[in-house]
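Peer 1: Letter by letter, the chains look like this.
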Amino acid sequence: MKAAVIVFPGSNCDRDLAIALEMVGFEVSKIWHKNSHLEKNIDLVAIPGGFSFGDYLRVGAIAASSPICKSIISHGERGGYILGVCNGFQILTETGLLPGALLRNNGLKYICKTIDLKVETSDSIFTNRYNRSNVIKLPIAHHDGNYNANMKDIDRMKDQGLIAFRYCENPNGSIDDIAGILSPNKRVLGMMPHPERAAEQAHGNVDGVRFFKGLADIVSFA
Amino acid sequence: MKARIKIMLKSGVLDPQGAAIKQALNNIGFENVTGVRQGKVIELEVDGPNKSEVRSEIESMCNKMLANTVIENFEIEVF
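So the sequence lines, in the order shown, correspond to chains A and B.
For the first sequence, position 30 (counting from the first letter as 1) is numbered 30 according to the numbering used here, and the numbering increases by one without interruption.
Add 222 to a position in the second sequence, counting from 1, and you land on the number used in the numbering used here.
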């Protein structure tokens with residue numbers, strides 16, 4: 001099982017994400033954004049949190065035009081697994097791999113705290129170790145987590161069970177309390193909360209462990 | 223050639239920064255301000271044969287990167 005953690009200037013959760021993936025058995029390589037190719041046989045591309053390019057222009061916008069993103073998009077189009085956490089989620093919407101956009105929090109404040117999150121589907125590699133309606137605690141740390149999409153996309157995602165996580169108490173103004181969404185084939189997940197910050201005893205919270213254990217079920221898609 | 227792009231959030235999209243600015247203006251005595259929307263302006267210097275080609279190239283820049291058409295509209299001026 002091989003994972004690539006993509007590193008942009010300003011990424012700051014890349015190490016945490018790599019460690020969490022290694023703990024469940026992934027062989028992890030960190031890939032600098034200027035590379036135009038992923039290594040062969042990568043099973044999972046993981047885009048970490050942080051402030052890529054200082055959040056200039058729009059969050060995730062400049063990262064989405066980095067050379068590596070073309071390869072990430074084709075990995076997604078081939079049915080590869082992709083995880084985007086926080087800034088990673090913002091980058092995934094900017095590349096078009098996931099619909100919608102993340103706007104400034106409606107309270108305008110940067111929010112850094114642990115929140116209650118409802119698991120909305122267990123039907124994905126990312127959420128299969130949870131049960132639907134489980135309430136878990138994960139940290140959030142963002143200024144721009146206010147998820148926005150047109151109602152057509154929201155309705156389609158609801159109908160197809162593509163909403164992965166909802167906030168129990170909406171912290172940022174996201175439409176329909178959305179905290180994480182899946183692509184139609186359920187192989188691309190973007191989420192604002194940080195499972196990698198709740199992945200070992202020393203974090204004081206291990207609700208993210210099941211998330212990574214689920215990912216370890218990935219079967220190579222060749 | 224010089225060009226200016228004005229990028230604004232679409233009208234249906236909540237603009238919390240605009241709302242905060244409106245509140246602050248009301249608070250310092252400008253109580254007649256009933257709405258504020260905040261956007262951004264980008265100025266470019268572009269080489270090109272004529273205005274219309276430059277404009278269409280900038281349109282492509284906006285669609286590809288400078289604006290996010292899910293949430294934003296843009297207007298282009300070429301001088």
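The set of hints was computed from the structure by calculation and includes no laboratory data.
Even for Gly, the Cβ is constructed at its ideal location relative to N, Cα and C.
Warning: the hint list may mix true and false statements.
[What the hints assert, rightly or not] Restricting the straight-line Cα-Cα distance to at most 25 Å, the calculated cross-link-like pairs of lysine to aspartate or glutamate (DMTMM-like) are:
{"id": "1", "chain 1": "B", "residue 1": "Lys232", "chain 2": "A", "residue 2": "Asp116"}
{"id": "2", "chain 1": "B", "residue 1": "Lys232", "chain 2": "A", "residue 2": "Asp177"}
{"id": "3", "chain 1": "B", "residue 1": "Lys286", "chain 2": "A", "residue 2": "Asp177"}
[As the list claims (entries may be wrong)] A short, non-exhaustive set of chain A residues, derived as facing chain B with CB atoms under 10 Å:
{"id": "4", "residue": "Met23"}
{"id": "5", "residue": "Ala61"}
{"id": "6", "residue": "Pro99"}
{"id": "7", "residue": "Gly107"}
{"id": "8", "residue": "Ile111"}
{"id": "9", "residue": "Asn146"}
{"id": "10", "residue": "Ala149"}
{"id": "11", "residue": "Asp153"}
{"id": "12", "residue": "Ile154"}
{"id": "13", "residue": "Arg156"}
{"id": "14", "residue": "Gln160"}
{"id": "15", "residue": "Asn170"}
{"id": "16", "residue": "Gly173"}
Peer 1: Once the shortest beta carbon distance from isoleucine 111 (chain A) to chain B is found, is it less than 10 Å?
Peer 2: Interface hint status for isoleucine 111 (chain A): violated (13 Å vs cutoff 10 Å).
Peer 1: So, as I understand it, the hint says alanine 149 (chain A) touches chain B; can you test that by seeing if any CB pair is closer than 10 Å?
Peer 2: 7 Å, holds
Peer 1: Could you check if arginine 156 (chain A) really has its C-beta closer than 10 Å to a C-beta on chain B?
Peer 2: Result: violated, 14 Å to nearest chain B Cβ.
Peer 1: Need the status of pair lysine 232 (chain B), aspartate 177 (chain A): alpha-carbon distance at most 25 Å?
Peer 2: 21 Å, holds
Peer 1: At a threshold of 10 Å, is the proposed contact between isoleucine 154 (chain A) and chain B supported by beta-carbon distances?
Peer 2: Where the cut-off is 10 Å and the nearest Cβ of chain B is about 12 Å from isoleucine 154 (chain A), the hint is violated.
Peer 1: Compare the distance between the alpha carbons of lysine 286 (chain B) and aspartate 177 (chain A) with 25 Å, and conclude whether the hinted pair is satisfied.
Peer 2: 29 Å, violated
Peer 1: For the restraint on asparagine 146 (chain A), tell me whether the closest CB of chain B is nearer than 10 Å.
Peer 2: At 8 Å from the nearest chain B Cβ, asparagine 146 (chain A) passes the 10 Å test, so the hint holds.
Peer 1: Does the closest beta carbon of chain B sit nearer than 10 Å to the beta carbon of glutamine 160 (chain A)?
Peer 2: 19 Å, violated
Peer 1: Taking the closest Cβ pair, is glycine 173 (chain A) under 10 Å from chain B?
Peer 2: Given a least distance of 7 Å, the restraint on glycine 173 (chain A) holds.
Peer 1: Is the interface hint for glycine 107 (chain A) satisfied, with its Cβ closer than 10 Å to some Cβ of chain B?
Peer 2: At 7 Å from the nearest chain B Cβ, glycine 107 (chain A) passes the 10 Å test, so the hint holds.
Peer 1: Would the hint linking lysine 232 (chain B) and aspartate 116 (chain A) be met if the CA-CA limit is 25 Å?
Peer 2: 31 Å, violated
Peer 1: Minimum Cβ distance from methionine 23 (chain A) to chain B below 10 Å?
Peer 2: 35 Å, violated
Figure legend: structure checked against the earlier numbered hints; hints not met, in rising order: 1, 3, 4, 8, 12, 13, 14, 15.
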